[in-house]
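Guided by the hints, dock chain B onto chain A, whose structure is given.
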Amino acid sequence: MTTTSDPYAGSRETTEGRVYTVTGGDWDLTLGTEAYGAERLVVNMGPQHPSTHGVLRLVLDLEGETVTKARVVIGYLHTGIEKNTEYRNWTQGTTFVTRMDYLSPLFNEAAYCMAVEKLLGIEVPPRAQTIRVLVMEINRIASHLVGLATGGMELGALTAMTNGFREREMALDLLEEITGLRMNHAYIRPGGLAQDLPDSAVGSIRQFLEIMPGRVADFHRLLTGQPIWQRRLKDVGWLDVSGCVALGVTGPVLRAAGLPWDLRKVEPYLGYQTYDFEVPTADTSDAWGRYLVRMAEVNESLKLIAQALDRLEPGPVMVEDRKIAWPAQLSLGPDGMGNSAEHVAHIMGQSMEALIHHFKLVTEGFRVPAGQVYVPIESPRGELGYHVVSDGSTRPWRVHVRDPSFVNLQATAAMSEGGMIADVIAAIASIDPVMGGVDR
Amino acid sequence: MTGPGDLERDDAALGAQAPSGGFRKGAFGVSGSGDTSGFGGLVRVEPGGAVALHSTERPYGGWFDEVTDALVEAVGQATYDAAVSRVLVDRGEITYFVAREHLLALVRALRDDEALRFELCSSVSGVDYLDSGGPATGAHRPRLHVVYHLTSMTYRRRIRLEVAVTAEDPHVPSVTGTYPTADWHERETYDMFGVVFDGHPALTRILMPDDWDGHPQRKDYPLGGVPVEYHDATIPPPDTRRAYR
Numbered sequence: 001m002t003t004t005s006d007p008y009a010g011s012r013e014t015t016e017g018r019v020y021t022v023t024g025g026d027w028d029l030t031l032g033t034e035a036y037g038a039e040r041l042v043v044n045m046g047p048q049h050p051s052t053h054g055v056l057r058l059v060l061d062l063e064g065e066t067v068t069k070a071r072v073v074i075g076y077l078h079t080g081i082e083k084n085t086e087y088r089n090w091t092q093g094t095t096f097v098t099r100m101d102y103l104s105p106l107f108n109e110a111a112y113c114m115a116v117e118k119l120l121g122i123e124v125p126p127r128a129q130t131i132r133v134l135v136m137e138i139n140r141i142a143s144h145l146v147g148l149a150t151g152g153m154e155l156g157a158l159t160a161m162t163n164g165f166r167e168r169e170m171a172l173d174l175l176e177e178i179t180g181l182r183m184n185h186a187y188i189r190p191g192g193l194a195q196d197l198p199d200s201a202v203g204s205i206r207q208f209l210e211i212m213p214g215r216v217a218d219f220h221r222l223l224t225g226q227p228i229w230q231r232r233l234k235d236v237g238w239l240d241v242s243g244c245v246a247l248g249v250t251g252p253v254l255r256a257a258g259l260p261w262d263l264r265k266v267e268p269y270l271g272y273q274t275y276d277f278e279v280p281t282a283d284t285s286d287a288w289g290r291y292l293v294r295m296a297e298v299n300e301s302l303k304l305i306a307q308a309l310d311r312l313e314p315g316p317v318m319v320e321d322r323k324i325a326w327p328a329q330l331s332l333g334p335d336g337m338g339n340s341a342e343h344v345a346h347i348m349g350q351s352m353e354a355l356i357h358h359f360k361l362v363t364e365g366f367r368v369p370a371g372q373v374y375v376p377i378e379s380p381r382g383e384l385g386y387h388v389v390s391d392g393s394t395r396p397w398r399v400h401v402r403d404p405s406f407v408n409l410q411a412t413a414a415m416s417e418g419g420m421i422a423d424v425i426a427a428i429a430s431i432d433p434v435m436g437g438v439d440r
Numbered sequence: 001m002t003g004p005g006d007l008e009r010d011d012a013a014l015g016a017q018a019p020s021g022g023f024r025k026g027a028f029g030v031s032g033s034g035d036t037s038g039f040g041g042l043v044r045v046e047p048g049g050a051v052a053l054h055s056t057e058r059p060y061g062g063w064f065d066e067v068t069d070a071l072v073e074a075v076g077q078a079t080y081d082a083a084v085s086r087v088l089v090d091r092g093e094i095t096y097f098v099a100r101e102h103l104l105a106l107v108r109a110l111r112d113d114e115a116l117r118f119e120l121c122s123s124v125s126g127v128d129y130l131d132s133g134g135p136a137t138g139a140h141r142p143r144l145h146v147v148y149h150l151t152s153m154t155y156r157r158r159i160r161l162e163v164a165v166t167a168e169d170p171h172v173p174s175v176t177g178t179y180p181t182a183d184w185h186e187r188e189t190y191d192m193f194g195v196v197f198d199g200h201p202a203l204t205r206i207l208m209p210d211d212w213d214g215h216p217q218r219k220d221y222p223l224g225g226v227p228v229e230y231h232d233a234t235i236p237p238p239d240t241r242r243a244y245r
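Taken in order, these protein sequences are the chains called A and B. Counting from 1, one number per residue, gives the positions in the first sequence under my numbering. Counting from 1, one number per residue, gives the positions in the second sequence under my numbering.
Extracted from the complex, chain A is given alone in its bound form (with noise of 0.2 Å):
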């Protein structure tokens, strides 16, 4: 038996004949011993990836299949909403804030319109304040159904995509039936809201809440079960209370490690300490425990909608006041959603004085007295807050927005890092953010 020694393929002569050996043997000569240890590599997952929930950017840094180091960037989806609406009426800056997390449009619309009204010291109607609760609700499903549905898109649940959005669609069908729009609604407004509930809305929305816990219930046998789902998520993204606290993470991330923190409860805003609802938590502060949190919050939901169906009573949608009201009647005209034809005859025909108002508030816009709050809700991902700042004239003088997305999504390393790359889908989905929010 002969061998040689070629450096990269060494033979050896056996009975069966010559058995090459092909090794690269000269690695250890070359790198050293330590260059096995360190097989590092980088790895750019994004900004267009299907994985990564938008256009967000990952710095893998990769042993094998581990990765040791994980790094996000951010702001491809930046739009300047923030510095825009200083340049706008305070009415206009709803349509701005709308289209941050494109996926709760209206969190952001109720949160901006709050924090205007707090400034302006008034209260909305309570009627207006019930169909805020239920548009919101309604949109809560949505978007966590979009969580659910490209979550599991990302895991290779193709089902869970298609189901997913399907139910959402008829989510999206109920909020374009009351609003007029599937998305970027600017349906709240600063005093109340665009227009009242339409007539057909209710039972639209009733046949909606008859569906529904059915199609849960489609879900849980779906997933909930399924040996492959639970391997995917279980223990997978581990974030604590304390994690979750330090990092600023709310939302459902914080209430899956075991924490009962839903702004709805603690700081009930729009009458929610009135109604009956769960805060559902989990306490295995991992993936598996996000999904479970979020399924039983549609379900929560649910009852938060029949709830405000039943408390409905006839009233205004806007408050009384003519110099911050819009006109709130709006009905479907030739040319698209505008002013209802009595307020043109009105306005045109009667009242000089109701004229002049609207002319003054549509291009010129109220007066906000000078100061500045922060007002916290509960949006599918965790607080959002406002931080308005007027200056006394018509427009802001700054909007920031703190969105749950853009906090929660710097938990992404403290879940990944010592995880197998795979993971970092399933812990990047179960944060569930918005690159509309994240980068506003």
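Hints may contain errors.
Computed footprint of chain A on chain B; a stretch qualifies when at least three of its residues, placed anywhere within it, have a C-beta under 8 Å from a C-beta of chain A [unchecked claim]:
{"#": "1", "region": "111-122"}
{"#": "2", "region": "154-164"}
{"#": "3", "region": "197-211"}
Simulated restraints, written as ranges between beta carbons of each label pair [said to hold, decoys possible]:
{"#": "4", "chain 1": "A", "residue 1": "GLN226", "chain 2": "B", "residue 2": "ARG91", "range": "44 to 52 Å"}
{"#": "5", "chain 1": "A", "residue 1": "GLY156", "chain 2": "B", "residue 2": "ALA82", "range": "56 to 64 Å"}
{"#": "6", "chain 1": "A", "residue 1": "ASP240", "chain 2": "B", "residue 2": "PRO59", "range": "36 to 44 Å"}
{"#": "7", "chain 1": "B", "residue 1": "TYR155", "chain 2": "A", "residue 2": "VAL59", "range": "20 to 28 Å"}
Here are the simulated BS3-like pairs of lysine-lysine, each with C-alpha atoms no more than 27 Å apart in a straight line [unchecked claim]:
{"#": "8", "chain 1": "A", "residue 1": "LYS83", "chain 2": "B", "residue 2": "LYS219"}
{"#": "9", "chain 1": "A", "residue 1": "LYS265", "chain 2": "A", "residue 2": "LYS118"}
{"#": "10", "chain 1": "A", "residue 1": "LYS265", "chain 2": "A", "residue 2": "LYS303"}
{"#": "11", "chain 1": "A", "residue 1": "LYS323", "chain 2": "A", "residue 2": "LYS118"}
{"#": "12", "chain 1": "A", "residue 1": "LYS360", "chain 2": "A", "residue 2": "LYS69"}
{"#": "13", "chain 1": "A", "residue 1": "LYS118", "chain 2": "B", "residue 2": "LYS219"}
Don't read these hints as lab results, they were simulated from the structure. Quick reminder that beta carbons are idealized off the backbone N, C-alpha and C, glycines included.
For chain B alone, coordinates are given in the frame of chain A:
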């Protein structure tokens, strides 16, 4: 470009008499435009302005006094007096105006003291008050404010801290040692306002591209006009358009 509590530049003498507010001229924020509406000569005194210099006297009411007492006890009266220049209670929210030298001691006490327990730093952001923000003029105006919103999950309370610095010396100590969540908030505030957070682990731009010039959310950041295809016209930048103020 005008600021809250705007001082007309040619009315500096008038402005000096009213340090807590300012004056506005005309219905639109422009002068010399040949405005014949009759509002061109209108002079209004701003009621306070966004950064009214008045402070609230004690008692502040509600739990505000409790928190303030606990804070004094935690850091000591001398430090508190040196750190907190004034306190403002407005619309049910309390704001402590803090000197940057004492910020770190204050937030550490706010987080760790048993009677305070502000565990969550909800938000850190900037506000550029440009021409207002204090009796000092020109470069010495502390125009850049860094605003911290702290939440006590234990007591369900929220407070606001505000640190004001000048654009020439925009240094504020980083609170990331106490609140790791402030990491990205401070990067965003640096990106948008150019406030430098000393001690931040990696203060780089976060939303704008890495090679961007300037800090876009400063009020004197130039806004671009839009050229129009015909008549050699341009749509002026939004801050120079005729607009109600």
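Here is what the structure says about each hint:
Proximity of the region 111-122 of chain B to chain A, defined as three or more residues with a beta carbon under 8 Å from a beta carbon of that chain, is established by the 4 residues found. Counting residues of the region 154-164 of chain B whose CB lies closer than 8 Å to any CB of chain A gives 3, so the stated coverage by that chain holds, three being the minimum. Here the region 197-211 of chain B counts 5 residues with a CB under 8 Å from a CB of chain A, which clears the bar of 3, and the coverage holds. Taken as a hint, the range 44 to 52 Å holds for the pair A/GLN226 and B/ARG91, whose Cβ atoms sit roughly 50 Å apart.
Separated by about 59 Å at the C-beta atoms, A/GLY156 and B/ALA82 satisfy the suggested range of 56 to 64 Å. For the pair A/ASP240 and B/PRO59, the supplied restraint of 36 to 44 Å holds, since their beta-carbon distance comes to about 40 Å. Restraint check, B/TYR155 to A/VAL59: a C-beta distance of roughly 40 Å breaks the suggested window 20 to 28 Å. For the hint pairing A/LYS83 with B/LYS219, the CA-to-CA distance comes to about 9 Å; that is within 27 Å, so the pair holds.
The suggested pairing of A/LYS265 with A/LYS118 holds, with an alpha-carbon distance near 20 Å, which does not exceed 27 Å. Distance check on the hinted pair: A/LYS265 and A/LYS303 sit about 15 Å apart at the alpha-carbon level, within 27 Å; holds. For the suggested pair A/LYS323 and A/LYS118, the alpha carbons sit about 16 Å apart, so the restraint of at most 27 Å is met. Restraint check for A/LYS360 and A/LYS69: the C-alpha separation of about 56 Å exceeds 27 Å, so the hint is violated.
Using a Cα cut-off of 27 Å, the hinted pair A/LYS118 and B/LYS219 holds, with the two alpha carbons roughly 24 Å apart.
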